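> Chains as they are written, first to last, in the numbering used here: chain A, 1 to 128; chain B, 129 to 225.
Treat the hints with care, since some could be wrong.
Keeping only pairs whose Cα atoms sit at most 20 Å apart, straight-line, the calculated EDC-like set for lysine to aspartate or glutamate is [said to hold, decoys possible]: (1) 177/B x 83/A; (2) 177/B x 97/A; (3) 177/B x 103/A; (4) 177/B x 132/B.
Keep in mind the hints are simulated off the structure, nothing from the lab.
Quantities reported herein were computed from a predicted structural model and do not represent experimental measurements.
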Amino acid sequence: MPNFFYQVHFYLFGLIAIASSIAFVTRKSPVAAALGDLRGKWGRLAAGLLGLALLAQVITLAGRRLPAPFTPGGGYDPVAVRDLGAIGSVAQPLFNEYLLAFELTSILLLVAIVGAVVIGRRRRIDAR
Amino acid sequence: MLAESLALSAVLFTIGAIGVLTRRNAIVIFMCVELMLNAVNLTFVALSKVYGMAGQVFVIFVMTVAAAEAAVGLAIIIAIFRHRQTVNLENINLLKG
Chain A
1 MPNFFYQVHF
11 YLFGLIAIAS
21 SIAFVTRKSP
31 VAAALGDLRG
41 KWGRLAAGLL
51 GLALLAQVIT
61 LAGRRLPAPF
71 TPGGGYDPVA
81 VRDLGAIGSV
91 AQPLFNEYLL
101 AFELTSILLL
111 VAIVGAVVIG
121 RRRRIDAR
Chain B
129 MLAESLALSA
139 VLFTIGAIGV
149 LTRRNAIVIF
159 MCVELMLNAV
169 NLTFVALSKV
179 YGMAGQVFVI
189 FVMTVAAAEA
199 AVGLAIIIAI
209 FRHRQTVNLE
219 NINLLKG
């Protein structure tokens, strides 16, 4: 159950970060309209108090008993999971059985980055 | 847990598909496609508990392809916006036969 609270808090922090950035970037956003002027004194005070409350909640939750260790389902090889851990048992097939696919996706990413830069760059009017 | 995960995945995929089919804003359609990809990722992870690790490895590949698609797609949308001053697909019919 604490796992659930961790996840909820992580998502909550993420949402607050997104909402804050939207509210600060544009005042026309519905978030800013709903919350009013966040740059004012009261807005900062409320944000600080909210942040402190969330921090206290996270610290309280972190002090609780950790969730049960990772228990693999029926599809996993329990020996491999026990020996390699959760991350290692994903990495094992990734860098052995699917190594070629891994290399191909790296090339795909590189081509996509170059393509995005080429397509997205602003062309000068006098450039040929 | 498997049934709930698959149900959530189906809901996410349906929302994405409805968004792709009904909305006309290119960026919204783009986000809906990403939603569909993430729904498929959720299915992979959920079923990997039954069928083995390959599902989780495939999620990494799907995320890589999604990242590449996002990079190129956003660049194309930016280029179209510079050219047409809009990202509404009703007004972008250059490839229409």
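> None of the hints should be skipped; say for each whether it holds.
We went through each hint and held it up to the structure:
As the CA atoms of residue 177/B and residue 83/A are separated by approximately 18 Å, the hinted pair is consistent with the 20 Å bound. At most 20 Å may separate the alpha-carbon atoms for a hinted pair to count; residue 177/B and residue 97/A meet this at roughly 19 Å. For a cut-off of 20 Å, the pair hint linking residue 177/B to residue 103/A is broken: about 26 Å separates their Cα positions. Distance restraint check for residue 177/B and residue 132/B: the Cα-Cα separation of roughly 13 Å lies within the 20 Å cut-off, and the hinted pair is therefore satisfied.
Checked against the numbered hints above, the structure violates only hint 3.
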